[in-house]
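Chemist: The whole structure should be built from the sequences, with the hints applied where relevant.
First residue of the sequence shown? That's 2 in the working numbering, and the numbers climb one at a time after it.
What the hints contain is simulated information worked out from the structure, not anything from laboratory work.
Source: prediction; values computed, not measured.
Certain hints may be false.
In silico DSSO-like pairs for lysine-lysine, Cα to Cα no more than 30 Å straight-line [unchecked claim]: (1) 136 with 172; (2) 96 with 138; (3) 96 with 172; (4) 171 with 201; (5) 95 with 13; (6) 59 with 25; (7) 112 with 23; (8) 95 with 135; (9) 15 with 25; (10) 59 with 15; (11) 172 with 24; (12) 116 with 25; (13) 116 with 136; (14) 95 with 112; (15) 13 with 25; (16) 124 with 59; (17) 138 with 112.
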Amino acid sequence: MTVSLYVRVSIKGKRRYTPVNKKKVYPSGTVFCLRYARKWETLPTDDLNTALAARALKEAALLTEQPFAANAPAKRVGIDDAIAVYLSNTAATKKHRTLLAYTLATTEFRKSCSKQFLDEITKQDLTDFVVYQKKQKLTDRTIDNRLTDLGTFLHANNVALSLHQNYTEKKVRAYTVEELRALNATSTDEELQVWQFFLKHRISGR
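Modeler: What follows is the structure, encoded as structure tokens:
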């Protein structure tokens with residue numbers, strides 16, 4: 002099934018739809034819509050590249066739903082297209098720091114994986130990702146965090162692959178109340194503000 006991408010505009014209170022021009026630069030706030038099977042779907046993004054990726058994914062999904070799909074090859078989903086849609090959805094539904102973590106994990110993964118399509122990814126690609134990160138002198142804990150974020154992306158796209166990096170949890174000794182009082186007593190006003198900032202940051206979990 003063909004899926005078309007349109008731009009929605011309002012003229013004198015009435016909606017108008019015009020086909021997307023891939024060479025045109027669309028401003029922030031542009032409303033992109035998909036048209037398929039006599040249905041309109043408004044996309045949660047105003048970025049043209051993300052909208053194009055969403056169109057490709059929707060078309061692939063609709064093909065797998067067709068009765069003749071078993072006899073016809075399903076359209077393959079590109080890794081970069083899937084990442085673009087995933088990050089767009091993350092930006093719309095998750096906190097900004099979560100978006101940054103997923104963006105970093107997928108961006109670094111693409112530096113170690115040159116494959117084009119999701120169905121080409123194997124566990125060896127995850128192992129290669131670990132090797133790549135070790136060459137960057139990253140800690141095992143950081144590597145495991147990125148593998149977890151990458152696994153979340155893969156599972157969201159029905160790729161049942163995961164890998165974890167073993168690491169040793171650091172033992173951290175907390176300051177006692179007496180030690181904190183002694184520290185505060187010898188600190189300047191500026192240093193006290195720094196201690197209070199980190200203390201509140203730790204308690205709130207932000």
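Chemist: Work down the list of hints and note, for each, if the structure agrees.
Modeler: Now the hints, each set against the structure:
1. 136 with 172: Between residue 136 and residue 172 the Cα gap is close to 26 Å, so the pair holds against 30 Å.
2. 96 with 138: 28 Å, holds
3. 96 with 172: Status holds; Cα separation ~29 Å.
4. 171 with 201: 22 Å, holds
5. 95 with 13: Distance ~35 Å between residue 95 and residue 13 Cα, so the pair is violated.
6. 59 with 25: Judged against 30 Å, a Cα distance of about 22 Å means the pair holds.
7. 112 with 23: 26 Å, holds
8. 95 with 135: Distance ~29 Å between residue 95 and residue 135 Cα, so the pair holds.
9. 15 with 25: 23 Å, holds
10. 59 with 15: Within the cut-off at roughly 27 Å; holds.
11. 172 with 24: 55 Å, violated
12. 116 with 25: Holds. Residue 116 to residue 25 sits at ~29 Å (cutoff 30 Å).
13. 116 with 136: 20 Å, holds
14. 95 with 112: Cα-Cα ~25 Å, so holds.
15. 13 with 25: Measuring from Cα to Cα gives roughly 24 Å; hence the hint holds.
16. 124 with 59: 26 Å, holds
17. 138 with 112: 15 Å, holds
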